[in-house]
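Asker: With the sequences and hints as input, model every part of the structure.
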Amino acid sequence: MKTYFGKQFERYCSSKRTRVEFKIREIVNIKKFRS
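Position 26 of the sequence shown, counting from 1, maps to 26 under this note's numbering, and the rest follow consecutively.
In short, the hints are calculated from the structure, not lab data. Keep in mind the model is a prediction, meaning the values are calculated, not measured. Even glycine gets a Cβ: it sits at the ideal position worked out from N, Cα and C. Take the hints with a grain of salt, since some may be wrong.
Below, in silico cross-link-like pairs of lysine to aspartate or glutamate (DMTMM-like), each with a Cα-Cα straight-line distance of 25 Å or less [unchecked claim]:
| # | residue 1 | residue 2 |
| --- | --- | --- |
| 1 | LYS2 | GLU21 |
| 2 | LYS7 | GLU21 |
| 3 | LYS16 | GLU26 |
| 4 | LYS32 | GLU21 |
| 5 | LYS31 | GLU21 |
Simulated restraints, written as ranges between beta carbons of each label pair [to be verified]:
| # | residue 1 | residue 2 | range |
| --- | --- | --- | --- |
| 6 | TYR4 | ARG34 | 44 to 50 Å |
| 7 | ILE30 | GLY6 | 33 to 39 Å |
| 8 | THR3 | PHE33 | 40 to 46 Å |
| 9 | ILE30 | TYR4 | 38 to 44 Å |
| 10 | VAL28 | GLN8 | 28 to 34 Å |
Answerer: Following this line, the structure appears as structure tokens:
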């Protein structure tokens, strides 16, 4: 049970991280495009 929860939590954290990185990359690209 604990290991299952750990795996789910890890997956949730990794998916959240990638989403944040994608947003940051998008913002950086917009800034580069403007300047």
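Asker: Is it true that the C-beta distance of VAL28 to GLN8 lies inside 28 to 34 Å, as the hint says?
Answerer: holds (31 Å)
Asker: May I ask you to test the hint 40 to 46 Å on the CB atoms belonging to THR3 and PHE33?
Answerer: holds (45 Å)
Asker: Against the range 38 to 44 Å, how does the distance between the Cβ atoms of ILE30 and TYR4 compare: consistent or not?
Answerer: The hint (38 to 44 Å, Cβ to Cβ) holds, given that ILE30 and TYR4 are roughly 40 Å apart.
Asker: Holds or violated: the 33 to 39 Å window for the beta-carbon distance between ILE30 and GLY6?
Answerer: holds (37 Å)
Asker: Need the status of pair LYS2, GLU21: alpha-carbon distance at most 25 Å?
Answerer: violated (28 Å)
Asker: Would you mind confirming whether the straight-line C-alpha gap from LYS31 to GLU21 stays at or under 25 Å?
Answerer: It holds: about 15 Å lies between the C-alpha atoms, which stays within 25 Å.
Asker: Is LYS7 within 25 Å of GLU21, Cα to Cα?
Answerer: holds (21 Å)
Asker: Decide if the proposed pair is consistent with the structure: LYS32 and GLU21, CA atoms, cutoff 25 Å inclusive.
Answerer: holds (16 Å)
Asker: Holds or violated: LYS16 and GLU26, Cα atoms, limit 25 Å.
Answerer: holds (15 Å)
Asker: For the pair TYR4 and ARG34, does the Cβ-Cβ distance stay inside 44 to 50 Å?
Answerer: holds (46 Å)
The earlier numbered hint that this structure contradicts is number 1, and it is the only one.
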